[in-house]
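K.L.:
Taken in sequence, the protein lines are chains A and B.
Residue numbers for the first sequence, in numbering that gives the first Met the number 0: 0 to 473.
Residue numbers for the second sequence, in numbering that gives the first Met the number 0: 0 to 473.
Worth flagging that the hints you see were computed from the coordinates, not collected in a lab.
Some hints could be false.
The list treats identical chains as interchangeable, and a pair is accepted whether it falls inside one copy or across any two copies.
Stated by the list, open to error - Below, simulated BS3-like cross-link-like pairs (lysine-lysine); rule was C-alpha separation at most 30 angstroms, straight line: (1) 164 with 246; (2) 107 with 219; (3) 164 with 287.
What follows is each chain in one-letter form.
Protein chains: 2
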Amino acid sequence: MARIDDLRKIATRLRIHSLRMTTVAGSGHPTTCLSAADIAACLFFGEMRWNTKDPFDPANDEFVLSKGHAAPLLWAAYAEAGIIPLEHLLDLRKISSDLEGHPTPRMKWVKAATGSLGQGLSVGVGMALAQRLDKSPARTFVLLGDGECAEGQVWEAANAAAYWKLRNLVAVVDVNRLGQSDPTMHQHDLAALARKFRAFGWDAVVIDGHKVDRILAALKEAGKKGKPTAVLARTLKGKGVSFIEDKNGWHGKPLKADELARAFEEIGCLPDVDSRKFVHKPKPFHKKKAASSFDFPRTNYKEKTATRLAYGNALLSLGRVNPSVVAVDGDVKNSTYADKFFEAFPGRSFQSFIAEQNMVGVGMGLAAKGYIPFIATFAAFLTRAHDQLRMAAYSLSNIKVCGSHVGVSIGEDGPSQMGLEDLAMFRPIPGCVVLYPGDAVSSEACVAAAAAHRGMVYLRTSRPATPILYPAGE
Amino acid sequence: MARIDDLRKIATRLRIHSLRMTTVAGSGHPTTCLSAADIAACLFFGEMRWNTKDPFDPANDEFVLSKGHAAPLLWAAYAEAGIIPLEHLLDLRKISSDLEGHPTPRMKWVKAATGSLGQGLSVGVGMALAQRLDKSPARTFVLLGDGECAEGQVWEAANAAAYWKLRNLVAVVDVNRLGQSDPTMHQHDLAALARKFRAFGWDAVVIDGHKVDRILAALKEAGKKGKPTAVLARTLKGKGVSFIEDKNGWHGKPLKADELARAFEEIGCLPDVDSRKFVHKPKPFHKKKAASSFDFPRTNYKEKTATRLAYGNALLSLGRVNPSVVAVDGDVKNSTYADKFFEAFPGRSFQSFIAEQNMVGVGMGLAAKGYIPFIATFAAFLTRAHDQLRMAAYSLSNIKVCGSHVGVSIGEDGPSQMGLEDLAMFRPIPGCVVLYPGDAVSSEACVAAAAAHRGMVYLRTSRPATPILYPAGE
Numbered sequence: 000m001a002r003i004d005d006l007r008k009i010a011t012r013l014r015i016h017s018l019r020m021t022t023v024a025g026s027g028h029p030t031t032c033l034s035a036a037d038i039a040a041c042l043f044f045g046e047m048r049w050n051t052k053d054p055f056d057p058a059n060d061e062f063v064l065s066k067g068h069a070a071p072l073l074w075a076a077y078a079e080a081g082i083i084p085l086e087h088l089l090d091l092r093k094i095s096s097d098l099e100g101h102p103t104p105r106m107k108w109v110k111a112a113t114g115s116l117g118q119g120l121s122v123g124v125g126m127a128l129a130q131r132l133d134k135s136p137a138r139t140f141v142l143l144g145d146g147e148c149a150e151g152q153v154w155e156a157a158n159a160a161a162y163w164k165l166r167n168l169v170a171v172v173d174v175n176r177l178g179q180s181d182p183t184m185h186q187h188d189l190a191a192l193a194r195k196f197r198a199f200g201w202d203a204v205v206i207d208g209h210k211v212d213r214i215l216a217a218l219k220e221a222g223k224k225g226k227p228t229a230v231l232a233r234t235l236k237g238k239g240v241s242f243i244e245d246k247n248g249w250h251g252k253p254l255k256a257d258e259l260a261r262a263f264e265e266i267g268c269l270p271d272v273d274s275r276k277f278v279h280k281p282k283p284f285h286k287k288k289a290a291s292s293f294d295f296p297r298t299n300y301k302e303k304t305a306t307r308l309a310y311g312n313a314l315l316s317l318g319r320v321n322p323s324v325v326a327v328d329g330d331v332k333n334s335t336y337a338d339k340f341f342e343a344f345p346g347r348s349f350q351s352f353i354a355e356q357n358m359v360g361v362g363m364g365l366a367a368k369g370y371i372p373f374i375a376t377f378a379a380f381l382t383r384a385h386d387q388l389r390m391a392a393y394s395l396s397n398i399k400v401c402g403s404h405v406g407v408s409i410g411e412d413g414p415s416q417m418g419l420e421d422l423a424m425f426r427p428i429p430g431c432v433v434l435y436p437g438d439a440v441s442s443e444a445c446v447a448a449a450a451a452h453r454g455m456v457y458l459r460t461s462r463p464a465t466p467i468l469y470p471a472g473e
Numbered sequence: 000m001a002r003i004d005d006l007r008k009i010a011t012r013l014r015i016h017s018l019r020m021t022t023v024a025g026s027g028h029p030t031t032c033l034s035a036a037d038i039a040a041c042l043f044f045g046e047m048r049w050n051t052k053d054p055f056d057p058a059n060d061e062f063v064l065s066k067g068h069a070a071p072l073l074w075a076a077y078a079e080a081g082i083i084p085l086e087h088l089l090d091l092r093k094i095s096s097d098l099e100g101h102p103t104p105r106m107k108w109v110k111a112a113t114g115s116l117g118q119g120l121s122v123g124v125g126m127a128l129a130q131r132l133d134k135s136p137a138r139t140f141v142l143l144g145d146g147e148c149a150e151g152q153v154w155e156a157a158n159a160a161a162y163w164k165l166r167n168l169v170a171v172v173d174v175n176r177l178g179q180s181d182p183t184m185h186q187h188d189l190a191a192l193a194r195k196f197r198a199f200g201w202d203a204v205v206i207d208g209h210k211v212d213r214i215l216a217a218l219k220e221a222g223k224k225g226k227p228t229a230v231l232a233r234t235l236k237g238k239g240v241s242f243i244e245d246k247n248g249w250h251g252k253p254l255k256a257d258e259l260a261r262a263f264e265e266i267g268c269l270p271d272v273d274s275r276k277f278v279h280k281p282k283p284f285h286k287k288k289a290a291s292s293f294d295f296p297r298t299n300y301k302e303k304t305a306t307r308l309a310y311g312n313a314l315l316s317l318g319r320v321n322p323s324v325v326a327v328d329g330d331v332k333n334s335t336y337a338d339k340f341f342e343a344f345p346g347r348s349f350q351s352f353i354a355e356q357n358m359v360g361v362g363m364g365l366a367a368k369g370y371i372p373f374i375a376t377f378a379a380f381l382t383r384a385h386d387q388l389r390m391a392a393y394s395l396s397n398i399k400v401c402g403s404h405v406g407v408s409i410g411e412d413g414p415s416q417m418g419l420e421d422l423a424m425f426r427p428i429p430g431c432v433v434l435y436p437g438d439a440v441s442s443e444a445c446v447a448a449a450a451a452h453r454g455m456v457y458l459r460t461s462r463p464a465t466p467i468l469y470p471a472g473e
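Starting from the given sequences, assemble the full structure and let the hints guide the process.
P.N.:
If you want it as structure tokens, here you go:
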């Protein structure tokens with residue numbers, strides 16, 4: 000079983016890189032890299048099919064590191080795959096380096112910034128949806144920590160993945176038992192986690208996350224039951240170095256120089272293996288290209304019209320000329336008027352139910368795969384996804400967000416429904432374009448401009464019908 | 000079984016009130032009131048023990064309407080209990096009336112504003128925790144809709160309730176199958192919801208939510224297995240009025256005058272029953288009062304000190320002089336320095352793990368019961384709870400929120416960990432005091448001032464040690 004031995008060697012190399020990188024940087028999270036090293040070796044050099052020459056090859060399996068503080072492990076894996084020169088690894092966390100402390104798309108293989116926990120699975124759901132839309136055989140893998148499974152967004156994403164029957168989505172949970180300040184809620188009770196994923200409609204399997212053969216077998220079986228699959232891997236934080244292994248108090252602490260020397264005495268030298276030979280290339284797959292445009296026929300508004308209605312009309316018109324445009328809704332499409340798009344293009348419309356965090360994450364995943372998602376709900380409820388929206392900005396995501404029912408014009412429904420904080424929320428988000436059209440004509444123009452702009456856009460709309468201010472087509 | 004008949008009559012009265020109120024108001028959500036009317040009758044006039052003379056009687060069972068759009072039903076129940084004059088019900092949604100379209104504490108029995116869905120269970124968790132701290136035999140009931148169970152926060156709260164073994168917490172889910180724009184994810188597959196609650200450590204029971212005897216029996220059994228209990232009630236949206244019952248497209252639509260007349264033909268007149276006689280008073284219970292103060296000995300800082308460390312020290316000192324002060328953490332207490340309080344007062348410290356939405360909701364529940372919760376995490380991660388924080392403001396909640404690691408001083412960890420958006424988030428929150436102490440001395444003063452202030456306070460702290468600017472005690 001040469002392959003098993005080789006993967007073990009690769010895992011050891013990933014451990015050594017992660018330890019050295021964080022010690023040189025003087026900060027970072029080596030123990031969380033060590034717990035997931037065997038998993039990463041099996042994913043990148045065992046199960047995944049990917050073209051190391053092109054991060055945007057549509058044939059690629061996708062990977063999201065939801066537990067973003069394990070960034071050194073990710074950089075180490077890309078280095079082993081020949082994407083990053085090995086010597087660059089020691090630039091971790093330098094301001095001049097793309098190898099940040101938590102992943103961002105400064106490094107081009109990263110399609111979603113992570114580091115605020117519990118967000119990666121939603122992005123993975125969006126990517127897996129995109130792969131299905133593309134009719135691609137590729138899959139999406141998300142690596143989570145057990146601590147972040149306390150975030151509700153993980154269960155919003157789990158819900159969505161099961162609802163959409165995403166058998167091409169695999170979540171691997173690195174259950175290393177220890178959070179930052181305390182043991183996690185379930186510690187090594189992996190059965191408890193399995194019950195949760197199964198109750199949320201997933202296939203779930205519990206394995207030893209340090210046994211390469213078990214990891215490979217679980218990944219190979221994933222999806223065969225027609226469901227998204229959770230591989231729950233029992234691991235030890237700091238695995239491989241006796242004095243930090245499974246010990247509380249080592250979260251986010253690099254080894255000191257003398258500790259590193261002791262660690263290397265235990266682990267040994269870098270094993271001699273050329274990891275690049277173990278990368279599996281995907282079968283060629285080409286996404287069908289269709290004619291697409293951002294110009295659509297404008298409406299000749301005469302009567303008072305709500306800007307939210309004009310948004311809905313414009314989105315429908317845009318959808319007719321641009322097959323990359325998709326819509327995501329939080330069970331208010333009859334209020335935002337996204338329902339017009341939903342009715343015309345059911346295959347490109349995604350009902351995310353009342354789960355705004357996941358809704359934004361799914362949009363980020365779709366955008367990462369080249370789609371142009373228009374995400375809409377009441378502006379007030381976008382506050383629910385503030386953290387996801389700021390991470391979308393750090394992800395340089397091409398999402399378009401519409402918040403309806405802004406201001407006090409909805410009166411009797413009360414402040415909980417009013418979009419009052421949305422401008423204060425979106426204006427400081429780096430790179431986000433904020434549009435507030437004054438009438439229906441400009442709403443339509445804003446939808447066209449938002450779609451054509453490469454980057455994050457926020458568009459706010461009002462509930463009541465308001466007068467037309469601009470001549471048609473201006 | 001006179002009692003069953005009486006409760007049926009009360010439910011009919013609640014239906015009639017809800018229909019009339021929303022028709023007169025010209026807006027509102029009658030169908031969601033009708034689905035939950037039997038449940039409300041059984042809760043307020045069957046199971047709950049409460050003193051209608053005093054919303055702050057510590058002997059009271061607590062109630063949270065998580066599905067806030069059913070506000071008319073809540074007002075109707077309070078009217079039937081003799082708290083609101085019946086004739087005031089028709090002032091629903093008037094700007095002069097306390098009976099808002101979604102509940103707020105303008106009406107004094109409401110202790111948490113709702114209307115942004117999925118938040119009530121967290122508040123209930125906090126209230127149930129407070130009842131336990133008080134050594135009170137009282138319980139907390141939360142009424143949720145099935146649609147809002149898509150919100151991740153519900154599962155964060157479910158996690159927390161099971162972790163803290165809150166047998167005094169009962170969630171009743173009004174599973175009426177229909178959301179706003181579409182059927183819900185599970186529709187009437189109540190077994191799916193039951194699996195989820197059980198997997199999250201709850202006892203769960205499925206009942207017919209229109210059968211008064213079944214509802215009463217389920218509520219009576221709740222908690223007997225030593226766990227929080229979910230009563231999953233199969234209901235029909237619009238129950239009792241044939242032309243709106245179980246029909247999509249009626250969310251948030253009041254009946255027109257002629258429709259109301261037809262509805263009343265079906266339902267009949269207001270049944271003759273004095274609901275007030277069915278309110279169960281609680282056994283008297285008095286909370287022990289302990290001496291408490293906001294003045295604590297100040298530290299004589301000389302050396303450079305991080306404001307986050309001064310926060311931790313001050314919180315510890317405050318805890319010694321004020322037994323109402325409690326701490327809630329999102330698994331970063333060793334970074335915010337809330338760990339000093341946690342070590343000294345484990346009984347008043349609540350590890351909320353990585354679930355910021357629930358963390359804030361739990362704080363709101365504790366505050367609603369008279370505790371002074373200090374809630375802390377990285378400022379960056381408070382964006383995760385933006386929606387909860389704005390609702391805390393509308394709840395007039397007495398929570399104190401600390402966000403650490405503000406600004407770019409954490410450098411190499413990257414933007415996902417930096418508190419950059421927190422001021423823009425907190426400043427527009429109505430009534431929220433924002434404090435940004437410049438050194439350790441003022442941090443301590445800010446903690447004292449925050450505790451003494453009645454209302455929501457945000458306090459931001461920095462990671463690095465910074466010079467002392469003020470003389471001790473200033």
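K.L.:
A separate judgement is required for each hint: does it hold in the structure or not?
P.N.:
Hints versus structure:
In this assembly of identical chains, residue 164 and residue 246 lie within 30 angstroms of each other by CA distance solely across copies; the values are 27 angstroms between and 38 angstroms within a copy. With identical chains, the CA atoms of residue 107 and residue 219 are at most 30 angstroms apart within one copy only, with a shortest distance of 27 angstroms there and 58 angstroms across copies. For the identical chains of this complex, residue 164 and residue 287 are intra-copy neighbours only, at 23 angstroms inside a copy versus 54 angstroms across copies, given an alpha-carbon limit of 30 angstroms.
Taken one by one, the earlier hints all hold for this structure without exception.
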